[in-house]
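So the sequences go chain by chain: B, X, U and A. If you read the first sequence in this note's numbering, its first letter stands for residue 35, the second for the next number, and so on. If you read the second sequence in this note's numbering, its first letter stands for residue 35, the second for the next number, and so on. If you read the third sequence in this note's numbering, its first letter stands for residue 35, the second for the next number, and so on. If you read the fourth sequence in this note's numbering, its first letter stands for residue 35, the second for the next number, and so on.
Simulated from the structure, these hints should not be mistaken for laboratory data. Just so you know, not all the hints are guaranteed correct.
To be verified - Computed cross-link-like contacts, DSSO-like style, restricted to lysine-lysine with a CA-CA straight-line distance of at most 27 Å:
#1 U:K304 <-> A:K256
#2 X:K345 <-> B:K304
#3 X:K256 <-> B:K305
#4 B:K256 <-> B:K45
#5 X:K305 <-> B:K304
#6 U:K305 <-> A:K256
#7 A:K304 <-> U:K304
#8 X:K305 <-> B:K256
#9 A:K304 <-> U:K305
Fair warning: this is a prediction, and the values are worked out from it, not measured in the lab.
Spelled out from the first residue to the last, the chains are:
There are 4 protein chains.
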Amino acid sequence: MRALVYQGPGKKALVEHAKPAIQNATDAIVKITKTTICGTDLHILKGDVATCTAGRILGHEGVGIIESVGSGVTTFAPGARVLISCITACGRCDACRNSMYSHCSTGGWILGNTIDGTQAEFVRVPHADTSLYALPDNIDEEDAVMLSDILPTGYECGVLNGQVAPGSTIAIVGSGPIGLAALLTAQFYTPVQIIMVDLDDNRLEVARSFGATDVVNTTDGKARDAILQLTGGRGVDTAIEAVGIPATFQLCTEIVAPGGVVANIGVHGKKVDLHLETLWSHNVTITTGLVDTVSTPMLLRTVQSKRIDPKRLITHRFKLTDVIAAYETFGQAASTKALKVILEA
Amino acid sequence: MRALVYQGPGKKALVEHAKPAIQNATDAIVKITKTTICGTDLHILKGDVATCTAGRILGHEGVGIIESVGSGVTTFAPGARVLISCITACGRCDACRNSMYSHCSTGGWILGNTIDGTQAEFVRVPHADTSLYALPDNIDEEDAVMLSDILPTGYECGVLNGQVAPGSTIAIVGSGPIGLAALLTAQFYTPVQIIMVDLDDNRLEVARSFGATDVVNTTDGKARDAILQLTGGRGVDTAIEAVGIPATFQLCTEIVAPGGVVANIGVHGKKVDLHLETLWSHNVTITTGLVDTVSTPMLLRTVQSKRIDPKRLITHRFKLTDVIAAYETFGQAASTKALKVILEA
Amino acid sequence: MRALVYQGPGKKALVEHAKPAIQNATDAIVKITKTTICGTDLHILKGDVATCTAGRILGHEGVGIIESVGSGVTTFAPGARVLISCITACGRCDACRNSMYSHCSTGGWILGNTIDGTQAEFVRVPHADTSLYALPDNIDEEDAVMLSDILPTGYECGVLNGQVAPGSTIAIVGSGPIGLAALLTAQFYTPVQIIMVDLDDNRLEVARSFGATDVVNTTDGKARDAILQLTGGRGVDTAIEAVGIPATFQLCTEIVAPGGVVANIGVHGKKVDLHLETLWSHNVTITTGLVDTVSTPMLLRTVQSKRIDPKRLITHRFKLTDVIAAYETFGQAASTKALKVILEA
Amino acid sequence: MRALVYQGPGKKALVEHAKPAIQNATDAIVKITKTTICGTDLHILKGDVATCTAGRILGHEGVGIIESVGSGVTTFAPGARVLISCITACGRCDACRNSMYSHCSTGGWILGNTIDGTQAEFVRVPHADTSLYALPDNIDEEDAVMLSDILPTGYECGVLNGQVAPGSTIAIVGSGPIGLAALLTAQFYTPVQIIMVDLDDNRLEVARSFGATDVVNTTDGKARDAILQLTGGRGVDTAIEAVGIPATFQLCTEIVAPGGVVANIGVHGKKVDLHLETLWSHNVTITTGLVDTVSTPMLLRTVQSKRIDPKRLITHRFKLTDVIAAYETFGQAASTKALKVILEA
């Protein structure tokens, strides 16, 4: 089969690769129909993710058709259309029993990281019963691919951790795919003010069309003042960090109101300064987290009932055989205006 | 009347001072019977608290007898025995309506800070109806003084923010009065492991007698390893910071288990490093907060019913006229082994 | 002034009545600009509310202008435009400190019940600082009147108690004003299925236009089966009772899924059967409650930001001098299709 | 092997029975070392549990040693000492993913009900990975047997559903084994007043020795008045129903304070009257539920750390071969003063 393989920092190739086979009784082999590229794949290619080594098939998102299942799989049978979660969960360990699948003792984020992933014609999914989700007929595959990672990440790490609530005010710092996913799902809770922050006017325009009430271009370095002004000096109830650099995290801590929450989604590569000399008495909560994908069934229901339209995040579509071009487009988002790119296998 | 007055950095004096008078309809004048000294008073004396200026009577804790009330006070009458909360709350502003009294728009921590405090024979308490608590007859005054600040602070900022729960494991970094208050109130929730951390063996011994299951002297710089070993490598569900310096905060972030909470109580004077490059995927929550004293009625009930014995925190007793000596004793805790000192007016 | 006075069971009259005066320091006198009639007023007129005696001015909803305030009122001054809460809260008693204003020791539902109400040119509002809300300029008075009682009741007793959540399924039994208020505010949380139940097709059509996904006319006595069919046999996560009779309450307990909630809003006049012989193992929660109106500030923000349009509940408008005709219209809702009627003073 | 078999209403026998065998890949066969009898077993014998038919081996509690496991079991191996949960959970269905194991689509309470149970030398446990718990060496088997059902039931259905909190007041109506289990675990949360109610003075004395602050013998029919007097007329924050008859449920609804919770544990055989004509405005929550046993790992930790001593519930010990005598003793608790009886296999 064809597969996109990481070949060490800066290198990747579309190669012919052996088709995966069942290894454990709880495995399933899924024939990929649609997959996509994540910002994390770019991190891997930069060599920033030590756990992912050369020779790995990338990709942790996708939908497909069950090809075969191990003897211990009871929920799915060959032919079933399924959504692949970016998080593999055994359903048995302490972490899974506490709904923290991201820290599953034999799972978590392993696809396209420590085991071969989804940017291929087939993928082996461990713990299939608790890591795949049946796709109802009336759900579009493109919508579904957005539920492998980006929607649950924006929702769980941003919206739920951020305690977005009816009538509240929020700011989302970063209007890339993940910030926009937080924007879409934040509206489940009817906040009254949603301020989107970014350096890119195009993305801010997209944000506005997705429901932002206000946008702030932070190019001038005055985002803090702009946000305080927009909130009458009070700051926001929830500040969602969706970039992953010190400056944006610090901005979040400067614009959060007393009693508010800073919910970090961004993948950080270095430490940040936390100004406890002012924050100690500010009654704030700061959260971090890898997505658990416990919200996947709920998100599927909101797609089915047309409460949300995740496909809006998709800007480009490619065949899997054009995956190298797809990476180019996705990697140069500023010029291509790419958000999510779909790969059809 | 006699009062302890701050006279600028490094200077204080017991002086004769005019007795306070009712200024607003919601004020009460309270004759102090017992008060105490807080670590924050030492901060003020170092000049670290900019809001507190020379000439201020210090002190934000105490019990006493109502001397007189303004025309708008409906809950209390002269002669009533009352507990004075360190936090003044109007009960009407947005913050108070949301039970965040610490950020009351006309209150918060003002006693002994921006208005005259309790280390005197009399004190004026604004918003008396919502800032004083009736003291039941069967509550000892010394127990009650511990409920002005230290017990609700340990409980709300440490135990409640820290989500201490039955069966959980916790570490409290800092075994001074505030860490010990957290230790006493954490036991309301029956954690199974309580690790106390300090540099002072005497305080660790006190901690053990107060219910700690393990103690770690961090003098050797290996507290992190010791705590991970005590928890089977997993870390603790709740790490309570009760010191207020970068090293102890960082220790808390290093010993918290995935899914756990770092609850900051310490008053910090400078920024800390937050290692988001590892914490971003660790599913942790970090909280800060000035106490709201919303738990005061509950704490009074636990004292009344002998579920807790706050008096155990008291090591020394003085007359108000010996307040200078009391400050000496309290300020040199390492040698005097002082925890809380009582001042009798 | 003109006022609508209850004169014993079955009797009411628009009479000339003495203007109210300040009685306590915390009182305000409000000149009514708009008020309305509540289903509870009809209960009183039937003689069903023992606490309300002949001679009482009815009405517990309204907006107006502050005419005068007592010496203890600090938040409002004459001339301020205010929303009157149906619940009077002292802000000082145990219940108020716990945000349960409905059980305020000197307040709760007293307006138009145990003290004179709002269907008059002026009303005295006790505990004004914590029972009135400033009306921002950009809020329409008709929208605001809906926030005195009906919106917070539907929201707090139905939606919040019912734990409506994104992706959940709900049924609201009763499509009168209060059921429709629950319908409007339930959508703050993006449930995926909202089934409205009533005997009146007109009200069900209104419900559909307000956002119901399904409607069930229960005239045929088969509502239970219809709702189970609509939910694939599972039942609903939340069943909101908005009628107040045994049959509708029992229906709610029959259609709630395991793990679900029955949230009672209805005012009941007699006991109901609770079938614990089946429900004991069904993992259900049943809630009751008089509204606390703690959500009023939040609701005002959702109106300001156009997230909700409460005016849609208003079907008829009258002058206060035509209050008797307004009662006729409101009392014969089946034929007049009345929901809420506005009285302009 | 020897097994206690239900032979239709009123009939049971200790018989020789075929040893169970693995049927599904996720099964385990456990050699029972200790088991016990539950009040529910007596219900079955009366013919009150329609799902349990003649020929069934009774019993849903116990500890033992793994004899063999199916090919899909990954957590346990032969020789492991395990606790058997009364609730079987697949860990994969919607209910299990939402931690509501009691409503597992292929599990729930099936042991000793719809499949053969634990009052035998061996038992087959389906879904072994998620229905058995490894027993640490330092946990006594008798303590552990109490964690199969009675402790998690008292804790989850009584204490957690009842929202028992530090400083709160509670009443537990029924001082049998399940009420006493609620009493033991309620103390995890440090309520200040715990009122135990029963008809049997012996059980009330036991309750007092287990930590009750007050006891009420309801023989005189005046329990309501007594409890209101003990609580200063206010009622209790939490009323736990641990009997299962209309009178005790109604008592709970009469003694619960505004804002409080009635948590039902009792297995009811008939409907009860719910006086919504008074309760509708009382802001109460009523909960029902079969235990989910999600708290089992936490309870094991509290036993390991000596925070609780469940063995205190055991009054009698028998060999499995004397199971008929054990039933006699357990069934005549009023005269034998039996609480829990241990059966050693």
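Comparing the hints with the structure gives:
no.: 1; hint: U:K304 <-> A:K256; verdict: holds, 24 Å
no.: 2; hint: X:K345 <-> B:K304; verdict: violated, 46 Å
no.: 3; hint: X:K256 <-> B:K305; verdict: holds, 22 Å
no.: 4; hint: B:K256 <-> B:K45; verdict: violated, 38 Å
no.: 5; hint: X:K305 <-> B:K304; verdict: holds, 16 Å
no.: 6; hint: U:K305 <-> A:K256; verdict: holds, 22 Å
no.: 7; hint: A:K304 <-> U:K304; verdict: holds, 20 Å
no.: 8; hint: X:K305 <-> B:K256; verdict: holds, 22 Å
no.: 9; hint: A:K304 <-> U:K305; verdict: holds, 16 Å
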